[in-house]
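Protein chains in written order, with the working numbering: chain R, 1236 to 1681; chain X, 1236 to 1681.
Same chains, same names: a pair is fine if it fits in one copy or spans any two.
Here are the simulated SDA-like pairs of lysine to any residue, each with C-alpha atoms no more than 25 angstroms apart in a straight line: (1) K1323 - D1574; (2) K1381 - M1353; (3) K1323 - L1632; (4) K1265 - S1253; (5) K1381 - G1470; (6) K1381 - V1531.
In case anyone wonders, no lab produced these hints; they're calculated from the structure. All values derive from a computational prediction rather than experimental measurement.
2 protein chains.
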Amino acid sequence: MRALPEGRVLTDPDVVDSYARDRTFVEPGKPLGVVLAASRDDVVATLRWASEHRVPVVPRGAGTGLAGASTAGDGSVVLSLHRMTAIKELSPADEIAVVEPGVITADLDRAAREHGLMYAPDPSSYEISTIGGNLATNAGGLRCVKYGVTRDSALGLEVVLADGRILQTGRRTMKGVTGYDLTGLFVGSEGTLGVITSATVRLRRAPAVPPATFAAEFGSLRDAGAAVAAIMAAGCQPSLMELLDRATLEAIDDWRNIGLEPGTNAMLIGQSDAADGQVVAERMERLCVDNGASFVAVSSSPQETEELIGVRRMAYDAKERLGACLVEDVCVPRSVLPDMITAIEAAAARHDVKICTVAHAGDGNLHPVFIFERGLPEPPANVWAAADDVFTHALELGGTLTGEHGVGVLKRRWLALESGPVAQEVQQGIKAVFDPLGILNPGKAI
Amino acid sequence: MRALPEGRVLTDPDVVDSYARDRTFVEPGKPLGVVLAASRDDVVATLRWASEHRVPVVPRGAGTGLAGASTAGDGSVVLSLHRMTAIKELSPADEIAVVEPGVITADLDRAAREHGLMYAPDPSSYEISTIGGNLATNAGGLRCVKYGVTRDSALGLEVVLADGRILQTGRRTMKGVTGYDLTGLFVGSEGTLGVITSATVRLRRAPAVPPATFAAEFGSLRDAGAAVAAIMAAGCQPSLMELLDRATLEAIDDWRNIGLEPGTNAMLIGQSDAADGQVVAERMERLCVDNGASFVAVSSSPQETEELIGVRRMAYDAKERLGACLVEDVCVPRSVLPDMITAIEAAAARHDVKICTVAHAGDGNLHPVFIFERGLPEPPANVWAAADDVFTHALELGGTLTGEHGVGVLKRRWLALESGPVAQEVQQGIKAVFDPLGILNPGKAI
Ligand SMILES: Cc1cc2nc3c(=O)[nH]c(=O)nc-3n(C[C@H](O)[C@H](O)[C@H](O)COP(=O)(O)OP(=O)(O)OC[C@H]3O[C@@H](n4cnc5c(N)ncnc54)[C@H](O)[C@@H]3O)c2cc1C
Ligand SMILES: Cc1cc2nc3c(=O)[nH]c(=O)nc-3n(C[C@H](O)[C@H](O)[C@H](O)COP(=O)(O)OP(=O)(O)OC[C@H]3O[C@@H](n4cnc5c(N)ncnc54)[C@H](O)[C@@H]3O)c2cc1C
Chain R
1236 MRALPEGRVL
1246 TDPDVVDSYA
1256 RDRTFVEPGK
1266 PLGVVLAASR
1276 DDVVATLRWA
1286 SEHRVPVVPR
1296 GAGTGLAGAS
1306 TAGDGSVVLS
1316 LHRMTAIKEL
1326 SPADEIAVVE
1336 PGVITADLDR
1346 AAREHGLMYA
1356 PDPSSYEIST
1366 IGGNLATNAG
1376 GLRCVKYGVT
1386 RDSALGLEVV
1396 LADGRILQTG
1406 RRTMKGVTGY
1416 DLTGLFVGSE
1426 GTLGVITSAT
1436 VRLRRAPAVP
1446 PATFAAEFGS
1456 LRDAGAAVAA
1466 IMAAGCQPSL
1476 MELLDRATLE
1486 AIDDWRNIGL
1496 EPGTNAMLIG
1506 QSDAADGQVV
1516 AERMERLCVD
1526 NGASFVAVSS
1536 SPQETEELIG
1546 VRRMAYDAKE
1556 RLGACLVEDV
1566 CVPRSVLPDM
1576 ITAIEAAAAR
1586 HDVKICTVAH
1596 AGDGNLHPVF
1606 IFERGLPEPP
1616 ANVWAAADDV
1626 FTHALELGGT
1636 LTGEHGVGVL
1646 KRRWLALESG
1656 PVAQEVQQGI
1666 KAVFDPLGIL
1676 NPGKAI
Chain X
1236 MRALPEGRVL
1246 TDPDVVDSYA
1256 RDRTFVEPGK
1266 PLGVVLAASR
1276 DDVVATLRWA
1286 SEHRVPVVPR
1296 GAGTGLAGAS
1306 TAGDGSVVLS
1316 LHRMTAIKEL
1326 SPADEIAVVE
1336 PGVITADLDR
1346 AAREHGLMYA
1356 PDPSSYEIST
1366 IGGNLATNAG
1376 GLRCVKYGVT
1386 RDSALGLEVV
1396 LADGRILQTG
1406 RRTMKGVTGY
1416 DLTGLFVGSE
1426 GTLGVITSAT
1436 VRLRRAPAVP
1446 PATFAAEFGS
1456 LRDAGAAVAA
1466 IMAAGCQPSL
1476 MELLDRATLE
1486 AIDDWRNIGL
1496 EPGTNAMLIG
1506 QSDAADGQVV
1516 AERMERLCVD
1526 NGASFVAVSS
1536 SPQETEELIG
1546 VRRMAYDAKE
1556 RLGACLVEDV
1566 CVPRSVLPDM
1576 ITAIEAAAAR
1586 HDVKICTVAH
1596 AGDGNLHPVF
1606 IFERGLPEPP
1616 ANVWAAADDV
1626 FTHALELGGT
1636 LTGEHGVGVL
1646 KRRWLALESG
1656 PVAQEVQQGI
1666 KAVFDPLGIL
1676 NPGKAI
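Given only the sequences and the hints, what does the whole structure look like? Please build it.
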């Protein structure tokens, strides 16, 4: 590792261990060390060295992943990009930015807002996750019900391949069809095809007025799911549509006392950032009432709105207080959202597992979080059995195993159910084109 | 070819020749025959047979392509999908449709409209092109300035690979990140990786009110380009923003007499389909005046709107009356649209070539059409020299060779300028994964 610039390599075992984990319970191995890349050249040097010595490399952004995708194994090197934080260009006229991979998601958004623009993809983790990590997982977020996922904001990439060659993909223009869509191939590839060292991303006009926000409470989760389906079918185009179940609300209430009513089994929070947002929010409110909401309110002040969205953003931390978490991420066609909710409830009951569910409901993307005893090396059998039920059901309903968190290591055992042998074969073939030695994040994603 | 069902194979030389051409001047070779596939099984049988006998296969939709991508060479087989026209499913609740590849683009849109939905991607050719062809070229269109290109509406595909294996890609859900993005890889691959036999596409809510439309006339193209840049930068989010130059307007006027004024050197047609579309259209109108428009008008009736859009849709046919056409398709960052327009004008003057330009201006996507003498086997040297100038300039401005028509055979000689050797190498590698014998549309796209 002497090929690397001095001071960029960490080998202290405790420090290395902290870079070998993500936000899951997955236990890492013992990596050789961590490279803190400060430039593309550092990335090239690391990958050349790793290729020469056949050392596995685990690219890493902020390590906020929920699929074990950046956990590092024995004898590997963690290649951390989080020091590469330059916003190299921000063009209001072309509505694009060119950024290094370590830029924190919310920092890019804030920089864009100074020009009346925004960076749309906003995973709940946006204050801590990196753009590189978002690209490598094709992260979704709260706003993506209206503005799409990270893929929809990625125009072009600079990628260092496993052997150190530099690949430019895509473009700076809004459209372009020269050659195969390599940009799309890297987005969501979880660090298995190359290391992203620069990205050209699309910005969008920030809405001129603050969004109009409503909240609705329901006696049953199914009713809330039906309200979501009705709102989407009515063409309301919400810019946010989040669902929280009773277990999640209780966890938040226990922690922060939000005055949860006994009969409330689900809460829906929605926004419209359209020019006539207030009208749309009231329309969404009415559709909630039509679908059995026990309480609805349109927010009357920015502060109230902040509080409502704050409740949603607290969900993950509140659940972590309950125990170890297996965070799942199924996505189903919107019309069967109520059925999927019923299936999750049934799985919890059948296997006696505590499941708290939040959902990017407008996309049909549910996060059932399975709570289990802290300190166990992995989730107990009944948790896996319940997860298995949930996955099987999602696939039966025409859904997918993962809407936005990725496959990582945690979902690999179910992959074959969704992808089938031909898809798996061609994916292995593609992997071999980019990384013939198999040194890039082995054992992940495919 | 006896493996194929009877009556599905055409071998009459004249008929075969008509299936061997697209809408370019590219002269085809002499294919062995044409298979009119009626089902996926026909596609599988054709590809198995072709693999066994190492016969090149040229997939074909409606043959409306403008890059020579579906022209067929000596000894190949044309595999026409245009008989596979079933809309297999249309789910208003999930806002998706599942269709066979031969469905005509506008037919799908009409079917969706019956449910208050639309199929957004609308190439000018939408009454004659197929969904399969649109997917294989990642077609753009008039509405894509607001709703994105074909890629943005493609959720999942069924593809038959070169050896006859069937691959399912993607999903029915709005989001999903299981495995690499194979759907995106096939979109825009111009029939070189596999044959699309079914597609799950996203529909969108059709706007509730008819769009508000404006037209503006300018003394110079550059001014019109500046107006476009101003409109986009003001966040007007037009649902259509088309630019026509003097030469195009003259061609239309000669044919259909639209009362073209002497001083008019450019026309801009724009629409907003927002809830407050009328207000937005007036705002766009004002920005045109601010940028030097000599005449502006907001359309006052659906009939007037039809006429305005009709002018745009006539552009291609009007130009074909002038001679043979080399239709180009550069796309540049929006802010440099005026510079690109100047460069096109300079190239026309320098090489003494007639160039008529229309543009999907809101995307920075320009179609300079180079007119040359009919009956020539290929464009004369001065046309290629002018095209070369245009391409070089587009790339210098941070643009791309092709915004939506694809590479086909016509743009291959410039590919290396844009893509660079590493990208070309990995693309060849990917091609080999899907089509190791190289039988699928050889010599195209990459
Ligand atoms: C509280 C909380 C809320 C969350 N909410 C959401 C949410 O709403 N939506 C959502 O999608 N996710 C969410 N996540 C998951 C996570 O934040 C995202 O997956 C995020 O995109 C990961 O970014 P990261 O920088 O932390 O990447 P890491 O976790 O470090 O890495 C993730 C993957 O990307 C790869 N990678 C990272 N950088 C690069 C690079 N430069 N080049 C190549 N590969 C790279 C890694 O190898 C790994 O495979 C949440 C997580 C938490 C803890
Ligand atoms: C008047 C006119 C206006 C046009 N306007 C536009 C426009 O606004 N925007 C735009 O993008 N294009 C436009 N075009 C170009 C053309 O219509 C598009 O490229 C269209 O997508 C081609 O569709 P097609 O069915 O005719 O495909 P074809 O021309 O038959 O084939 C195009 C490519 O797709 C491949 N292909 C076709 N079907 C399949 C399949 N099922 N599986 C795999 N590969 C397949 C072929 O091999 C070929 O490489 C225009 C053309 C004309 C003549």
